[in-house]
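Participant: Spelled out from the first residue to the last, the chains are:
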Amino acid sequence: MKKIITAAILALIPLAARAEYEQVNLTVFGMDCAPCAHAIHVSMKGIQGVNTVDVDLNTGLVTIKLTPGNSAAILQFNQAVEKNGFTHKDAAIVARGKLTGIPSAPFFEVAGTQDRFALVPAATAVDIASLLGKTVTIAGTLPQVSKGKIPDTLRYNTITEVR
Amino acid sequence: MKSLMVLACAVALPGIALAADHGPVFGYATPVNSQRELSFDTGIFGRNGSLGTQFSTASGFGYGVTPHITLNAFLPGTFGTGSFPESRIFPTGEWSAGASWRFQHSVTSVGKRIESTASLAAVVPGPQTDTGVLATLHRAPGVAGTLATGLASRSQYAWVGGGYTRFAEASHDRRPDTISWSGVYGYRPASLRRGYDQWDYRGFAEFTGEHTGNVRTNGAILPNSSTTTLWLGPSVLAIFKNIAISGGVQGPVFRDESDTTYGRERIRFALNFSYLKYSAHTSSH
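So the sequences go chain by chain: A and B. The opening residue of the first sequence carries number 1 in the numbering used here; numbering runs sequentially from there. The opening residue of the second sequence carries number 1001 in the numbering used here; numbering runs sequentially from there.
Since no wrong hints were added, every one of them can be taken at face value.
Not close to chain A: a few residues of chain B, all C-beta gaps over 10 Å, as computed:
1. F1055
2. S1059
3. T1131
4. A1135
5. G1145
6. G1162
7. D1173
8. Y1187
9. G1213
10. D1259
The calculated BS3-like cross-link candidates involving lysine-lysine, where the alpha carbons are at most 30 Å apart (straight line), are:
11. K1277(B) <-> K147(A)
12. K89(A) <-> K45(A)
13. K149(A) <-> K65(A)
14. K147(A) <-> K1241(B)
Away from chain B, derived, C-beta distances all over 12 Å, residues of chain A:
15. N51
16. T100
17. V120
18. A129
19. L132
20. T158
21. V162
These are calculated hints, taken from the structure and not from any lab test. None of the values given here were measured: they were computed from a predicted structure. Each residue gets a CB set at the ideal place from its N, CA and C atoms; glycine is no exception.
Go ahead and model the full structure; you've got the sequences and the hints to work with.
Facilitator: Dropping the structure here:
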């Protein structure tokens, strides 16, 4: 019985420590027709770990849901847009990662990628100090950046500790 | 390997400025391939006049080297009779290959972009001989340049463009230089602005015009061989994901051409099929 419990705990540890993007909602400018959307769909599906992609031509919203354990980075999503000749705007994300830094200058790191963002509150600030060093799930917005770059900051809406 | 083959094909063969897949069927437009996108176009084009009918089966290949540069090759075949002026809007017996560069690209909002594209292509005689006045000429390679600019959006499209083709001389013969231009307006009704997993339709009004210079044969200018014509007509483009079908018809609105040399050209039509193969390749981080 003890062995089973130990095995179950060991199996849960990597889950708790896992860091990844869970969902990326990217606004894309310039898509006028079905092949544009299809091109984006094909490019996004080519990123390892992408589960589903939905493209709304009338709003320009590309909704990407990722599988657990993925190591996709935000730059890959941006590149998938750029290679088709379009422009990406703000991206709303839900991601799991580690809070680092200091209370006055916290960072969010998505392990398995080189993505590291300075955290700024979109509205109400969260008590960051108690979450430093912990694995959290963040919902927030990455602002638009120029081609080939990734944002420095993540405007968070919610931060919840992953237990 | 596939990319290399396409690249080799495009370099070895020479490009007409015929627009297809994303745009109008006759006129010039700005879309280019996505990076690593392979496109294939094939269609049948016809023109009928008082001296006969000419058909062209047009096959084109494109490969997106970058999001804004596409290499393309165009290999038309012609059959039928008739005596028609040289044309760069309508595919004739010349094979061509070249590159298109979208040098201006302004993405202003969701679903809208303003862009300009220039193309340069080498043109070489195809394996088939022409009919009519042009059939007797020794043929030589030429060079074709085009420029198009315009707007694409979810509701409306508008493009204007022009092109110039100049042929070299061969055995004291020379095909006429050709200046061509076009203006295209497209519209997608609100009820057809649907999801990308449904058929996407849009309609165009296509206005095209061409001026061909004099035909030179045996070192002398053939009398009454220069022409100017203007054409207008509708076309429809239907797309489902990566497959596009377009068709259109045009009638003359102005003709300044010799009836004895070329006859009276009455109608042009086109039916084009496109297949677009997008690349799923993305860089790893």
